[in-house]
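A.B. asks: Sequence:
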Amino acid sequence: MSSMEELLASWNEKFRLHADGAQLPPHHTLCLACGPDNPHGHHLTVNRRGEEVHATHVFDERHVGAPGIAHGGAVATVFDDLFGFLLYLTGGPAVTRKLEVLYDSPVILGTTYDLAARVTRTEGRKLFMEADMKQLGGSRVASASALFLSVDVTHFNQGLPI
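The sequence shown: position 105 = 105 (my numbering), numbered continuously.
These are computed hints drawn from the structure, not numbers from a lab.
Mixed in with the good hints there might be a few duds.
Stated by the list, open to error - Quick list of in silico lysine to aspartate or glutamate cross-link-like pairs, DMTMM-like style, CA-CA up to 20 Å:
no.: 1; residue 1: K126; residue 2: D60
no.: 2; residue 1: K134; residue 2: E52
no.: 3; residue 1: K14; residue 2: D152
no.: 4; residue 1: K134; residue 2: D104
no.: 5; residue 1: K98; residue 2: E123
no.: 6; residue 1: K14; residue 2: D114
no.: 7; residue 1: K14; residue 2: E52
no.: 8; residue 1: K98; residue 2: D132
no.: 9; residue 1: K134; residue 2: D80
no.: 10; residue 1: K134; residue 2: E100
no.: 11; residue 1: K134; residue 2: D152
no.: 12; residue 1: K134; residue 2: D37
no.: 13; residue 1: K134; residue 2: E51
no.: 14; residue 1: K126; residue 2: E52
no.: 15; residue 1: K126; residue 2: E100
no.: 16; residue 1: K126; residue 2: E51
no.: 17; residue 1: K14; residue 2: D60
no.: 18; residue 1: K98; residue 2: D60
no.: 19; residue 1: K134; residue 2: D114
no.: 20; residue 1: K98; residue 2: D37
no.: 21; residue 1: K98; residue 2: D80
no.: 22; residue 1: K126; residue 2: D152
Whenever a hint applies, use it, and build me the whole structure from the sequences.
C.D. replies: Shown next, in the form of structure tokens:
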């Protein structure tokens, strides 16, 4: 079995019930948003709270857009990955079909933000999701909505080397 096949097999095992309050495992060690071994990543740590997933995050100089402000793409990356953690609650892999981010105010580097995401409804393979990002103990700075499509783990065989 190749290292990519081993990665997909271990990743597929993560789609199981995780206890309320549990810290959820990273998607894989090199994931851009949650991978602990990605030097360019966000190193997002996510916990289950009921039927939601929650994270606390600080954007740093690696995520800069305008001076002192997180790049909108970095913010979108964190939201997209947070939605990916909801898949551990729904029981199977899915892919992003649509992601919309609304920026209410600048996301400031070095500031702590609370994030929360939830599935709002399902229709067959479609998973509709929403999330918020708030200053720690403060007001909302951004929100996101997404449509994910459930897929079989074999969908990711497309990324395997020939």
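A.B. asks: Please go over all the hints and tell whether each is borne out by the structure.
C.D. replies: Now the hints, each set against the structure:
no. : hint         : in the structure
1   : K126 to D60  : violated (34 Å)
2   : K134 to E52  : holds (15 Å)
3   : K14 to D152  : holds (14 Å)
4   : K134 to D104 : holds (10 Å)
5   : K98 to E123  : holds (15 Å)
6   : K14 to D114  : violated (24 Å)
7   : K14 to E52   : holds (17 Å)
8   : K98 to D132  : holds (16 Å)
9   : K134 to D80  : holds (16 Å)
10  : K134 to E100 : holds (17 Å)
11  : K134 to D152 : violated (34 Å)
12  : K134 to D37  : violated (27 Å)
13  : K134 to E51  : holds (19 Å)
14  : K126 to E52  : holds (18 Å)
15  : K126 to E100 : holds (16 Å)
16  : K126 to E51  : holds (17 Å)
17  : K14 to D60   : violated (29 Å)
18  : K98 to D60   : violated (26 Å)
19  : K134 to D114 : holds (5 Å)
20  : K98 to D37   : violated (27 Å)
21  : K98 to D80   : holds (10 Å)
22  : K126 to D152 : holds (13 Å)
Consistency with the previously given hints fails for numbers 1, 6, 11, 12, 17, 18, 20, ordered from lowest to highest.
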